[in-house]
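J.: Dock chains B, C and D against the given chain A, drawing on the hints supplied.
Number of protein chains: 4
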Amino acid sequence: MNFCSDNAAGASPAIMESLLKANEDLAMPYGNDPLTLSVHKHICDIFECDAEVFLVATGTAANALSLSVMTPPWGGIFCHKDAHIEVDECGAPEFFSGGAKLIHLDDKQGKITASGLQAGWDGIEKTVHQVQPSGLSITQATEAGTVYKLDEISDICNTARELGLHVHMDGARFANGLTSLGCSPADMTWKAGVEVLSFGASKNGCLAAEAVVFFNRDLADGFTFRRKRAGHLLSKMRFISAQFHAYLNNELWLDNARHANAMATRLWDGLRSITGVEFLNPVEANEMFVTLPARVVDGLEADGFQFYRWGDPQGTLIRLVTAFNTKSEDVDSFIKSAKSHS
Amino acid sequence: MNFCSDNAAGASPAIMESLLKANEDLAMPYGNDPLTLSVHKHICDIFECDAEVFLVATGTAANALSLSVMTPPWGGIFCHKDAHIEVDECGAPEFFSGGAKLIHLDDKQGKITASGLQAGWDGIEKTVHQVQPSGLSITQATEAGTVYKLDEISDICNTARELGLHVHMDGARFANGLTSLGCSPADMTWKAGVEVLSFGASKNGCLAAEAVVFFNRDLADGFTFRRKRAGHLLSKMRFISAQFHAYLNNELWLDNARHANAMATRLWDGLRSITGVEFLNPVEANEMFVTLPARVVDGLEADGFQFYRWGDPQGTLIRLVTAFNTKSEDVDSFIKSAKSHS
Amino acid sequence: MNFCSDNAAGASPAIMESLLKANEDLAMPYGNDPLTLSVHKHICDIFECDAEVFLVATGTAANALSLSVMTPPWGGIFCHKDAHIEVDECGAPEFFSGGAKLIHLDDKQGKITASGLQAGWDGIEKTVHQVQPSGLSITQATEAGTVYKLDEISDICNTARELGLHVHMDGARFANGLTSLGCSPADMTWKAGVEVLSFGASKNGCLAAEAVVFFNRDLADGFTFRRKRAGHLLSKMRFISAQFHAYLNNELWLDNARHANAMATRLWDGLRSITGVEFLNPVEANEMFVTLPARVVDGLEADGFQFYRWGDPQGTLIRLVTAFNTKSEDVDSFIKSAKSHS
Amino acid sequence: MNFCSDNAAGASPAIMESLLKANEDLAMPYGNDPLTLSVHKHICDIFECDAEVFLVATGTAANALSLSVMTPPWGGIFCHKDAHIEVDECGAPEFFSGGAKLIHLDDKQGKITASGLQAGWDGIEKTVHQVQPSGLSITQATEAGTVYKLDEISDICNTARELGLHVHMDGARFANGLTSLGCSPADMTWKAGVEVLSFGASKNGCLAAEAVVFFNRDLADGFTFRRKRAGHLLSKMRFISAQFHAYLNNELWLDNARHANAMATRLWDGLRSITGVEFLNPVEANEMFVTLPARVVDGLEADGFQFYRWGDPQGTLIRLVTAFNTKSEDVDSFIKSAKSHS
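Protein chains in written order, with the numbering used here: chain A, 286 to 627; chain B, 286 to 627; chain C, 286 to 627; chain D, 286 to 627.
None of these hints come from the bench; they were simulated from the model. There's no promise every hint is true.
Since copy identity is lost for identical chains, a pair holds within one copy or between any two.
The calculated BS3-like cross-link candidates involving lysine-lysine, where the alpha carbons are at most 25 Å apart (straight line), are [as the list claims (entries may be wrong)]:
#: 1; residue 1: Lys-624; residue 2: Lys-366
#: 2; residue 1: Lys-612; residue 2: Lys-306
#: 3; residue 1: Lys-434; residue 2: Lys-393
#: 4; residue 1: Lys-326; residue 2: Lys-306
#: 5; residue 1: Lys-624; residue 2: Lys-411
#: 6; residue 1: Lys-393; residue 2: Lys-476
#: 7; residue 1: Lys-434; residue 2: Lys-476
#: 8; residue 1: Lys-612; residue 2: Lys-624
#: 9; residue 1: Lys-366; residue 2: Lys-393
#: 10; residue 1: Lys-366; residue 2: Lys-411
#: 11; residue 1: Lys-434; residue 2: Lys-366
#: 12; residue 1: Lys-624; residue 2: Lys-476
#: 13; residue 1: Lys-476; residue 2: Lys-326
#: 14; residue 1: Lys-621; residue 2: Lys-306
#: 15; residue 1: Lys-411; residue 2: Lys-612
#: 16; residue 1: Lys-326; residue 2: Lys-612
All values derive from a computational prediction rather than experimental measurement.
Chain A with its partners taken away, still in its complex shape (with noise of 0.2 Å):
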């Protein structure tokens, strides 16, 4: 029973279904396709507007590549100490946008604050000696397990903007995020002011897809050379596009993270009552990073539970990450077998 990292999942059935039947024919190759063209307009409707949308198949592209239209070279992106973009994906910010710096901004809860981004614009001096910042990314869910709620997305953009930040949305758990607050996509992204999404699937229930969403349709100029150059267009788009086929169709997305949520409140509601228990934030989606007495971790390992010690391999902190397909069973075995060695 793995509890490491919703990766480790694989896809939900009615996905592979829809790659068996996008196999039939012949299609047009690079996205050509009726089927990438239906995914694109399905993503608008989910999103009530008239997006630029563009499929990928990692995370790291769609955040990358999205970043990289908003700064040139010299300039700075904003983000989190401990972004997917900033600790996760290698340079690839750097990469793909040529140069350009990531800005940390200070930790609460997981996530960034207007206040924040405010104190840290007021520390870059405006000088043409020092990397100007550009834009500001923000993820949602966040890496530490909560979720920003709407009037803290809209303080944030709305700060964005009077500096004249661009915003992106790192959201390769945008439905974790989306189900734990219960509203709309559009009012999680544009109506809050985010201009463009890495709007992530493979995380929950596919197998690798991912889409850029473009808000503000302006950036999105070039972004079809960005991804070619890349090497990010699929020559078999289809089988991304199947993929979102099937995703976004009965509302599978949606029913994914509801029930991964679901088993993470699970998992805390059980794990709370341990004696030394500790969680470092609120758990409001799908992963969450908590302390447990030594013995208690050493005997979870002893029966078989597989996660991740976060920070120090000897340390008592975990992080565990419930997915679209964990049982219940499985979280209810992990809490008897923690609570077994308290």
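T.: Frame of chain A; chains B, C and D shown alone:
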């Protein structure tokens, strides 16, 4: 009936089955799963050597990543003036290498020659003012539908070695070239002097699967970082691996290529008797460039056949590509249609 | 007696005096000093327009920075196949542009032509797969020692404008071209359609001084950052400005160029009667490529004259360059020596 | 009277004389002249080793070029959070390295420490997902006006070596640090473990002259191409060489630095008795950051003294920099003015 591109075909049924099977369980992400490791080993077995192997989803990624290890940003890569890396990848080699220059070599039936390489080298002023070549890329089978003979490859690689140039092979249609020659994978690569191979599978029955194979393992140093920061390390890597697993088993890859080549030969054989027909090059793999009388080209289109008019959209030079799943009936219909209009 | 390069000459005495004078007082660094501002204004006056001006120390910096504003990293710049940016700058344009491609145009006496530009354009497939041209660079006076006529420049710029291409002029030998034509600086640049100029001074009597002049001021957006992050913003900028100050005063720049051109004409006039002499191109500025009998070339070297054998180090095609301080006696000695060996 | 920056000063008279002398004759361009070669040798002599030396015109070029050899594009360079390379070079290190990341280390009196370096290293996850550090840059004298002791440098370099990190020293104020310590150039660099040095001269009496000195000659491989394609190979190189020639002769460089440091000490000594004065750090070279009562700062400005209010343009923390040509009378006037307003 589509003769536009081998990218228009879907995937072989065995590939799809392999995907379904790979989806059954959890697996560690980012290639740390048993299936990926077994594919690496399988590729080494096929090439009869201990190579370094990296899987990616697109041919442009495989090529551009490969070239990036062979040149510093201020260096150059020799290639055929019509090479895919030069005319079909939107500057990906320049992007991945940090600005290296592709230096054109002249054409002989879609190939470069050892003497052409030497002439290219001699044309470079050996000073700090000029971009100095550091590598060479050849394509097998070529973009022109021809196939390098083994001694041609050896001659080119020998000249390259004398000049201190690394050698890459773009094997987007590797299997088509291989089965055309009827030699072993080792013969056509490292035994002839090739150091890095883009081992393509997408065009020959997979969805999106390419391997970068380093016969010169020293060149692989740092490659894992290059792949990651380019966004080409898939989190659910096993889905590329699953494709290769089926592709390499039971000689599927060779059977697919043999079929595509046979269909091309059948097409050539049927067309060559038409008055006014002219083949640009010998037909040695699965594509051909052929000039036909205007009324024949128009007639074929009117009959519903799809293909590209090459270069000039009003011209009579057309490209015909066959694939692993091209039906002999469709080839025969094409020939019949062509003859009926001639 | 050195006819190798106009870079072998030192600086005009007036330039050195200006440097000494600029050294007398303190001055704000990074170009925020009165002398730099007055030079910017002087350049605008000379070009009869309100241009944006940026000073740098090298021609490669001026060219590569200029080109970088005219193309996205995935774009291309048309240029003569032997342009300095292509063969003498070690990939600087690729570096500064983030990987753009230089696309060669054919030669006509060291120049490109409007029809050659159109043919180059027509050869580009207008798809996402191929690098799309976004600019054009011409060199005045050319690397071949020839000079574009005003209508040639206009024709090329008109074609470029129709194709949506920006136009740069590499004016490393701007003054030589200008005095050869006898027109105004405005006529030879923005009035003919040039948008950005590398206005060279180093080869014509300065130490290290070049100006990037934006007639299309929109293209200058962000240029101050580009210059800084490339390390080309001198802290003690006034020392470049001091050079330009003296260079532009009292027509020093024009006098220097007129002299260099006159010396070239004198050389040509003296050599052309030698049996077997062949000039590659008309001699219109301050350099020439001339084939002489082997015994003449050998004899000149034996007599202590310095020059480059062009292309082939054993060959008889030599390049001769005159400078602002070439002495007529030296020219006459050269001619006399050549004749004595013929 | 200007205490803003050592960049506000001009050049020492001996430097100007050397320039005039270098202008007398023709010389081969691009550094192939005897003067340049003799300067290379002189620098080796001063550092008591066989180093590789490259001259450039700016400190940003020297630093960014140096760093680019120490890291792959996907690597990182540790540095002080306020290092010039981080806050004053507009992203030049990112540009020249192709996108490497600067990783901040904490401050102790403007310095980093061996333990701080170790802590920074420990904070990096050693996986393909995170940018891996490959080098370290320290600044001597520091941006804070302090000077690393020899054992501090050794300790840092030892730790760096253990971690497999290359070490660069930004010596924009090298002479100020050196004369402050009173040790030999070799002691302060390669004997302590430094592999590459930006050997600054512009701030200490030259116009525009910096040398990149490779004690680890292996790192210099390809550097000549890096310099050229960045536009930092001057055609009339001898004019940088001429500056260094005079700079290094007769201990001009040491005398200049000693004077600047002495003026700083004199300033510190005069100001420290003022009530409410507070020095941010010890004054060990030629600059200081000092908080003075608001009326004192206002009074100094009213009396015509020029300096920067640091960070906050309304604040009372000011930076004072002395130079090779700062007059003791001016220092005394400054002190007198400050005291009169206190």
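J.: All the hints need checking, so say for each whether the structure fits it.
T.: Each hint, compared with the structure:
1. In this assembly of identical chains, Lys-624 and Lys-366 lie within 25 Å of each other by CA distance neither inside one copy nor across copies; the values are 34 Å within and 45 Å between.
2. For a Cα distance limit of 25 Å, the shortest separation of Lys-612 from Lys-306 across copies, 20 Å, qualifies, whereas the shortest one inside one copy, 28 Å, does not.
3. Proximity of Lys-434 and Lys-393 under a CA criterion of 25 Å is satisfied intra-copy only: 13 Å inside one chain copy versus 39 Å between copies.
4. When the C-alpha separation of Lys-326 and Lys-306 is checked against a cutoff of 25 Å, the pair qualifies only within one copy, where the shortest distance is 20 Å, while the shortest distance between copies is 31 Å.
5. Taking the shortest Cα distances, Lys-624 and Lys-411 never come within 25 Å of each other, neither inside one copy (55 Å) nor across copies (33 Å).
6. Taking the shortest alpha-carbon separations for Lys-393 and Lys-476, only the intra-copy value of 23 Å comes in at or below 25 Å, while the best inter-copy value is 45 Å.
7. Taking the shortest Cα distances, Lys-434 and Lys-476 sit within 25 Å of each other inside one copy (13 Å), while across copies they are farther apart (56 Å).
8. In this assembly of identical chains, Lys-612 and Lys-624 lie within 25 Å of each other by CA distance solely inside one copy; the values are 19 Å within and 63 Å between copies.
9. Taking CA atoms no more than 25 Å apart as the test, Lys-366 paired with Lys-393 passes in both settings, with 11 Å inside one copy and 22 Å between copies.
10. Proximity of Lys-366 and Lys-411 under a CA criterion of 25 Å is satisfied in both settings, with 22 Å inside one chain copy and 18 Å between copies.
11. Taking CA atoms no more than 25 Å apart as the test, Lys-434 paired with Lys-366 passes inside one copy only; the shortest distance there is 20 Å, against 32 Å between copies.
12. Taking identical chains as interchangeable, the C-alpha atoms of Lys-624 and Lys-476 are never at most 25 Å apart, the minima being 44 Å within one chain and 59 Å between chains.
13. Proximity of Lys-476 to Lys-326 under the C-alpha cut-off of 25 Å is restricted to the intra-copy arrangement: shortest distance 19 Å within a copy versus 47 Å between copies.
14. In this assembly of identical chains, Lys-621 and Lys-306 lie within 25 Å of each other by CA distance neither inside one copy nor across copies; the values are 42 Å within and 32 Å between.
15. Within a single copy, Lys-411 and Lys-612 get their C-alpha atoms no closer than 53 Å, and across copies no closer than 32 Å, so neither meets the 25 Å cut-off.
16. In this homomeric assembly, Lys-326 and Lys-612 never come within 25 Å of each other (Cα to Cα): the closest approach is 33 Å inside a single copy and 34 Å across copies.
Figure legend: structure checked against the earlier numbered hints; hints not met, in rising order: 1, 5, 12, 14, 15, 16.
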